[in-house]
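First to last, the sequence lines map onto chains C and V.
Okay, so the first sequence: first residue is 1 according to the working numbering, each after it adds one.
Okay, so the second sequence: first residue is 1 according to the working numbering, each after it adds one.
Check the hints yourself; a few may be wrong.
Each computed DSS-like pair below joins lysine-lysine, with the alpha-carbon atoms no more than 25 Å apart [to be verified]: (1) C:Lys459 <-> C:Lys589; (2) C:Lys16 <-> V:Lys82; (3) C:Lys173 <-> C:Lys752; (4) C:Lys589 <-> C:Lys578; (5) C:Lys578 <-> C:Lys421; (6) V:Lys4 <-> C:Lys29.
No lab work stands behind these hints, which were simulated from the structure alone.
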Amino acid sequence: MSNTIGKPIPLIDGLKKTTGEGVYTDDIKLPNMLVGKILRSPHAHARLKRLDTSKAEQLPGVHAVVTGREAPHTFGVLPISEDETALAVDKVIFIGDNVAAVAADDEEIALQALRLIEVEYEVLPVYRKFEDSVRPAAEAIHPGTGNGTNIHKEVRQEFGEVAAARARSRHVKSASYDFVGVTHAFTEPHCVIAHYDADDRMTVWSAQQVPHYLHRALARVLQMPMHRIRVIRPMVGGAFGGKSDPFPHEMVAALLSRKCRRPVKILFDREEVFLSNHGRHPTHTEIAMGLDEAGRITFLDLQAQIDGGAWGSFGVVTTYYNGVLNMGPYVINNFRYHGRRAYTNKPPSGAMRGHGAVNSRFAVETLLDELCEAARLDPCDVRLNNLLPANCTTANGFRITSNGTRECILRARQASEWDRKFRKLPFGRGVGVACGFYISGSAHRIHFNDLPQSTVHLKIDMDGGITVHCLAAEIGQGSDTMLAQCVAEPLGVSLDRIRVFSNDSDADPIDLGSYSSRVTFMAGNAAREAALQIRAKLVQAAHALTGYPAEGFVLANEEIIYQRDPRVRVTFMQALEKALANNGALLAKGKYIGPPPIGGSFKGARAGLSPSYSFQCYIAEVSVDTETFEPRVEKVWAAHDCGRALNPLAVQGQIEGCIHMGLGQALMEEMVYNRGNVLNANLLDYRTLTPRQMPPVEVIIVESDDPEGPWGAKEAGEGPLLPILPAVANAIYDAIGVRLRSLPMTADKIWKAMQDQQKSARRQVAVL
Amino acid sequence: MPTKEIITLRVNGSTHELAVRPSDVLLDVLRENLNLTGTKRGCDMGTCGCCTVHLDGEPRLACLTLALEAVGHEVRTIEGLKEEGLLHPLQRAFAEHGGSQCGFCTPGFIMTAAAFLAENPRPSRAEIQEAISGNLCRCTGYIKIVDAIAAVAEARAATTG
Chain C
1 MSNTIGKPIP LIDGLKKTTG EGVYTDDIKL PNMLVGKILR SPHAHARLKR LDTSKAEQLP
61 GVHAVVTGRE APHTFGVLPI SEDETALAVD KVIFIGDNVA AVAADDEEIA LQALRLIEVE
121 YEVLPVYRKF EDSVRPAAEA IHPGTGNGTN IHKEVRQEFG EVAAARARSR HVKSASYDFV
181 GVTHAFTEPH CVIAHYDADD RMTVWSAQQV PHYLHRALAR VLQMPMHRIR VIRPMVGGAF
241 GGKSDPFPHE MVAALLSRKC RRPVKILFDR EEVFLSNHGR HPTHTEIAMG LDEAGRITFL
301 DLQAQIDGGA WGSFGVVTTY YNGVLNMGPY VINNFRYHGR RAYTNKPPSG AMRGHGAVNS
361 RFAVETLLDE LCEAARLDPC DVRLNNLLPA NCTTANGFRI TSNGTRECIL RARQASEWDR
421 KFRKLPFGRG VGVACGFYIS GSAHRIHFND LPQSTVHLKI DMDGGITVHC LAAEIGQGSD
481 TMLAQCVAEP LGVSLDRIRV FSNDSDADPI DLGSYSSRVT FMAGNAAREA ALQIRAKLVQ
541 AAHALTGYPA EGFVLANEEI IYQRDPRVRV TFMQALEKAL ANNGALLAKG KYIGPPPIGG
601 SFKGARAGLS PSYSFQCYIA EVSVDTETFE PRVEKVWAAH DCGRALNPLA VQGQIEGCIH
661 MGLGQALMEE MVYNRGNVLN ANLLDYRTLT PRQMPPVEVI IVESDDPEGP WGAKEAGEGP
721 LLPILPAVAN AIYDAIGVRL RSLPMTADKI WKAMQDQQKS ARRQVAVL
Chain V
1 MPTKEIITLR VNGSTHELAV RPSDVLLDVL RENLNLTGTK RGCDMGTCGC CTVHLDGEPR
61 LACLTLALEA VGHEVRTIEG LKEEGLLHPL QRAFAEHGGS QCGFCTPGFI MTAAAFLAEN
121 PRPSRAEIQE AISGNLCRCT GYIKIVDAIA AVAEARAATT G
């Protein structure tokens, strides 16, 4: 019997958002608060020869000025790659890099103060692209990179024997792909408030996905113990990975506040948001794949050249993920990967929804389509014939548990009428299929320690309200609602009793935050474990009140009922009163530590290891205007295996949102640069899909019932982005017979591809 | 810097005397002077729709509207959309249909949709999509936003016959 799990539940904070009551960081006004502004570099790479802030300091209304030398301690989201500073110390490394910052009475004074700061730059060689950065560098962007180049991370992996497998393949194809950078374009600009108070404690309010990593970074940069720092996450207006790093501007606000001992708010304008970026990496990908006589994948040989921008960010993980996240959903016994990430003088790339998996997934799924054609096999059949089974280990040591890919393919195929449409629609219209594979959180922490990945505290007192504390960040994806459901379910109570507190490092126990699609799996398990402890106490109380054995009770509809004789029952409040007597508030703590030991022992074996994986199969139907070559996605059938949909309404919302963002990258989104300058740093020129361009989506939820997920659940927030891009590319091929290997797939590229194809066809005719 | 002048603004049925500069935009006055923070600041240049409010019932971008332009008009924000203390049907529908995830764009969408439904009470899905094309949402893919608006239109059509 299910109380709330599996039912479509509107977000528990939904009305706060529809009424405007919800408080986001910029909605907070503290007494005596100042405005902080940052002076940004106009140069992509330059040494700071002279930095004089004295005139700005003397401007009336200015209360603090900071520069990089005051806080030279490096930080970064990954402890293995801490290369950022709050502000430039010796040199600036991208246009928009922080040079100095001021706190003033109002914005106008702050801007005037920035104009009074005198800076002399010595311009340095600019590394605009990956190719510039892999050569020996006259002036490396960061010291200590390998071989005097700007290479940040290099990964070489081989499992099985690629050369031998290639030699015995019946069909081999290779191709190269170009992916421009795209960015999250969340609606809420970054905003932070810092207050260093009279008790020498620092409180930071920030729009953050990962308050805990911000907490750690603040301690490092401010050189303060963590217990004197408090991080509060107000409501977050969209994030998608773009608010998952600890950011320099957060450090800057804290430094300014500590200097003048007043609250300081920094709010970005939209251009600053684009300059801060942390979006998906521009990437050049080369792959080769083969099929044998039976249509089985023989090998995958993959190379990725990843443009990291100015900082490390999550880039070490990105570099691994571009390779290893292709080890599902197909059996690939011979796999080789060479991935390199280089620093460039551009705004940093980072984690974006589907982190590290999107670009190479596009390459794999479209090249597989080419192989299917060469082998004269149906792309759905080939995919079905190559699937990893449930409960297996991949060649690189991933432990696969639940796996619903087969059902995803079969149901998408049936719902879309694939067999009636594929290669049969008129010229200009086509269908394409693609699969996906993604982690439900990382099995290992990025900080090497033995702490749980998520902890949940519950408290129930005589008012009958249940408070849930956990630092898992609600960023719009519905994690508060998920936590409430995971607590309500074992207790058989209505969601109305539950209040979730997930935003305050002083009050809420650590959860590692809303990234890598980890929260439902990990915080959900922790919440369930805590609720089961409370359940045991309530059942004991029911036993004490009725005399019936404790193990015979079930909890539902706010009652505790003896199952074999349902006339024997007490209300939730009666049981609670009994449980509280001579005892006080009921408390419980649940945790998620991690899966049992899994994975190999080679270097990089931890990358991509997850307690569970999600799987997808999408089919897209696309039309291409035969006059303008404008592609239009007519419909998407989106089958996603999320283990168990704890809240189908939220799962649908995640899938539809993923498709929107993925279609944007597929069809129009692009960070346009000229010499390190972002040319389209606004929401008009950075085009995203409009409501009219968004196709209807038939969501197909596949429930493979994961053995370790809470009630069988695994992730739904990122994997559903992966298949849409290659499904559309494959559908464009089915529609008009051209392969697009560069994103975004705009009308001009389709036209050009058709021209090239016609030219080469004419050449072939001439040769004949 | 130009000096401030005193203006009288009607917002959500209340009258406010405010000192503003000629260059002050309505968005700043609503958020900073009147603490009506339900109207969101997403871009400051009319590209996201998060700051949509009503001027005499018409949708306007508060970031591109001078406060002085609003003098003599009825300004309505998301906080003033309740009718007789009850939530506007769109405010319920956006929550119930999943038309709001992170919620930052939501007030702007609801203000746009409320003005639109007043003009066009029985819209097609395509007309709804067109009407909200000036508002940016990055979470929902717009599908559940259109669902929510369509549901309100249908419910009204059912009650009014």
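A quick look at each hint next to the structure:
| no. | hint | verdict |
| --- | --- | --- |
| 1 | C:Lys459 <-> C:Lys589 | holds, 9 Å |
| 2 | C:Lys16 <-> V:Lys82 | holds, 13 Å |
| 3 | C:Lys173 <-> C:Lys752 | holds, 22 Å |
| 4 | C:Lys589 <-> C:Lys578 | holds, 21 Å |
| 5 | C:Lys578 <-> C:Lys421 | violated, 64 Å |
| 6 | V:Lys4 <-> C:Lys29 | holds, 23 Å |
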